[in-house]
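K.L.:
Given next are the chains, with one letter for each unit.
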Amino acid sequence: MATQDHKSTAARTEDQDDAQPEPLPAPTGAQESAKTEGVDDLLDEIDGVLESNAEEFVRGFVQKGGQ
Amino acid sequence: MSAGAPGSSPQLASGVTVHRVMGTETEYGIIAPGLPSANPTLLSSQVVNAYAATLREGLGNLAGTRWDYTDEAPLADARGWRLDRAAAHPSQLTDEAPVLSAQEIARERGEPADAAVLMNLVLNNGARLYVDHAHPEYSSPEVTNPHDAVLWDRAGDHVALTAMQRIASTPGFSPVHLYKNNTDNKSVSYGSHENYLVPRRVPFGQLAASLIPFFVSRQVLCGSGRVGIGAANQAPGFQISQRADFFENEIGLETTVRRPIINTRDEPHAVAEKYRRLHVIIGDANLSEVSNYLKLGTTSLVLSLIEHGLAPLPELADPVRALQSISHDPSLRTTVELADGRRVTGLDLQTIYFSAAARACTADADPQTADVLRRWEGLIGILENDPMAAAGQIDWVAKLKVLQAYRDRDSLEWNDARLGLIDLQYADLRPDRGIYHRLARRGEVELLVAQADVERAAVEPPRDTRAFFRGKCISTFPAQVVGASWDSIIFELPSQERLQRIQTREPLRGTAALTEQLFEQAADAEDFLARLMSGPEPPMAP
Numbered sequence: 081m082a083t084q085d086h087k088s089t090a091a092r093t094e095d096q097d098d099a100q101p102e103p104l105p106a107p108t109g110a111q112e113s114a115k116t117e118g119v120d121d122l123l124d125e126i127d128g129v130l131e132s133n134a135e136e137f138v139r140g141f142v143q144k145g146g147q
Numbered sequence: 088m089s090a091g092a093p094g095s096s097p098q099l100a101s102g103v104t105v106h107r108v109m110g111t112e113t114e115y116g117i118i119a120p121g122l123p124s125a126n127p128t129l130l131s132s133q134v135v136n137a138y139a140a141t142l143r144e145g146l147g148n149l150a151g152t153r154w155d156y157t158d159e160a161p162l163a164d165a166r167g168w169r170l171d172r173a174a175a176h177p178s179q180l181t182d183e184a185p186v187l188s189a190q191e192i193a194r195e196r197g198e199p200a201d202a203a204v205l206m207n208l209v210l211n212n213g214a215r216l217y218v219d220h221a222h223p224e225y226s227s228p229e230v231t232n233p234h235d236a237v238l239w240d241r242a243g244d245h246v247a248l249t250a251m252q253r254i255a256s257t258p259g260f261s262p263v264h265l266y267k268n269n270t271d272n273k274s275v276s277y278g279s280h281e282n283y284l285v286p287r288r289v290p291f292g293q294l295a296a297s298l299i300p301f302f303v304s305r306q307v308l309c310g311s312g313r314v315g316i317g318a319a320n321q322a323p324g325f326q327i328s329q330r331a332d333f334f335e336n337e338i339g340l341e342t343t344v345r346r347p348i349i350n351t352r353d354e355p356h357a358v359a360e361k362y363r364r365l366h367v368i369i370g371d372a373n374l375s376e377v378s379n380y381l382k383l384g385t386t387s388l389v390l391s392l393i394e395h396g397l398a399p400l401p402e403l404a405d406p407v408r409a410l411q412s413i414s415h416d417p418s419l420r421t422t423v424e425l426a427d428g429r430r431v432t433g434l435d436l437q438t439i440y441f442s443a444a445a446r447a448c449t450a451d452a453d454p455q456t457a458d459v460l461r462r463w464e465g466l467i468g469i470l471e472n473d474p475m476a477a478a479g480q481i482d483w484v485a486k487l488k489v490l491q492a493y494r495d496r497d498s499l500e501w502n503d504a505r506l507g508l509i510d511l512q513y514a515d516l517r518p519d520r521g522i523y524h525r526l527a528r529r530g531e532v533e534l535l536v537a538q539a540d541v542e543r544a545a546v547e548p549p550r551d552t553r554a555f556f557r558g559k560c561i562s563t564f565p566a567q568v569v570g571a572s573w574d575s576i577i578f579e580l581p582s583q584e585r586l587q588r589i590q591t592r593e594p595l596r597g598t599a600a601l602t603e604q605l606f607e608q609a610a611d612a613e614d615f616l617a618r619l620m621s622g623p624e625p626p627m628a629p
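Those protein sequence lines, which keep their order, are chains A and B. Residues in the first sequence are numbered consecutively from 81, following the working numbering. Residues in the second sequence are numbered consecutively from 88, following the working numbering.
Just so you know, these hints were derived from the structure itself, not from any lab. This one's a predicted model, so the numbers in the text were calculated from it and none came from an experiment. Cβ atoms here follow ideal geometry from the backbone N, Cα and C, with glycine treated the same way. Just so you know, not all the hints are guaranteed correct.
Said to hold, decoys possible - Output of the computed footprint for chain B on chain A, the stretches with three or more beta carbons under 8 Å from beta carbons of chain B:
1. 118-125
2. 130-138
As the list claims (entries may be wrong) - Ranges between beta-carbon positions, derived for each pair:
3. A:133 - B:528: 23 to 29 Å
4. A:118 - B:286: 50 to 56 Å
5. B:566 - A:140: 40 to 46 Å
6. B:528 - A:140: 23 to 29 Å
7. A:139 - B:395: 46 to 52 Å
The following block holds chain A by itself, in its conformation from the complex (with noise of 0.2 Å):
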């Protein structure tokens, strides 16, 4: 996942460099940072914040239908 991660940041700056005057903010340097941190790091955050049965919660996930 690691080299996904470099990818990931080598595609970003390539996107900079071309970046033409426009409205639309462009990614800030905390982001560009924060790209930088393991994927360890992000599962452990997500594993704090997923619903604890997994089984159980997908299961009751039922919606009755839309457009």
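Please build the complex by placing chain B on the supplied structure of chain A, with the hints as guidance.
P.N.:
Same frame as chain A, but now just chain B:
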């Protein structure tokens, strides 16, 4: 008040451009984990009423507005006919009050039948928040460009989150969760629609022919990703689109059954002789702002190409099958057959449309059109090279990257419930629980709008469409506005026996430029209407 010559059509831009009148609709997935058997219509009404309570508290006023159904025509078909009412699926009758009435809901809550239960709100920002079927729906105000469409779409998420937090903090109420997704992964799908204003002179058949291959392939940029294959989740796996497996037809009027790639509902909510509202039902609900921006921006550009007679026409042999084949292959290498026998990938199809747009746009294209083109080309290149490198921009890639990391760490099969939960929780609107929102906070996804702007857009209308007139009428005269719709505002004045219905059938009138002064000058609602009626076209908004 100088609205120009009667009958004139305001224009946004000439040439091929992303600018046009557009808007989004989001049906949120809804559950109350503490009340597994709760009626979803009841829960959805709680969302509407919770938001109403927040408005009352914060602003001291509220137009608990009735929806004006007068101009709704859900059975009118753009191909030139009208579906017989008796032949329609009950869910197609969207011009009637919802299945479970406010009175029935009051009874379910153990309240008197005349308790004030709201099923519909027209918001100060010009949007509509209401109970649609069994989901709360936010329909954004009309805007004029994809960037603003992203902003007011995000404002809807903010409105939904505000309602959710209100319910969670109300004693006696079980917390309600809202999800910006499109399926429960059992068998059911619900929509996130886009609307684009198109001149009626463009033949519908021409629109459909050029749009079908575009809609089949645009998911590579704006799919939201889904764990599970098949409408009923029959096979394990990951696919690009939330919606693809729920589509069965190429063209049709339905939105809830036998869903078509091109929806023919002809309900312009505007001067019908001049405009169509293209009602697009095939999109995924996007959390990613870049995916959403490109979904709206590239679609508007392709419509502009069609209007100028410059759109490509790559005819697919089997569009519905192609839609699903492309969705089922996150490597993006799958080819689909054209009518002439050639085989192309989804990215090839997108390149065909991008190239036509790039050729049609001159060097002095407006900044947002240039930005959409630049991002469109850049992301096609990245996806050709290494799809996973687009995780910072594209919803399905961002989701897949998290799922793949879990699979690698914990050796999970695609049918593992934890992956299903990550799929679901990616779309959880709560900032602490929603995985997309966690990624955003970590700086892993690119953002296009600032949180402060989103919060302002939740209470302020766009200034450059009739949504300004609608939103300002509701915030300025909450006691006198008793009903509203996309193309009307209804006033009830003490001095008048009859209700005063103001039509707003030109989406580019009723702007701040035309009406802000009127709102500032009017002493009260009576004075406001008197000034309005003495304008150049009394029955129309200025």
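K.L.:
Now tell me, hint by hint, if it's right for this structure.
P.N.:
Structure-based check of each hint:
no.	hint	in the structure
1	118-125	holds (count 5)
2	130-138	holds (count 6)
3	A:133 - B:528: 23 to 29 Å	25 Å, holds
4	A:118 - B:286: 50 to 56 Å	52 Å, holds
5	B:566 - A:140: 40 to 46 Å	42 Å, holds
6	B:528 - A:140: 23 to 29 Å	27 Å, holds
7	A:139 - B:395: 46 to 52 Å	51 Å, holds
The structure is consistent with each of the numbered hints, conforming to all of them.
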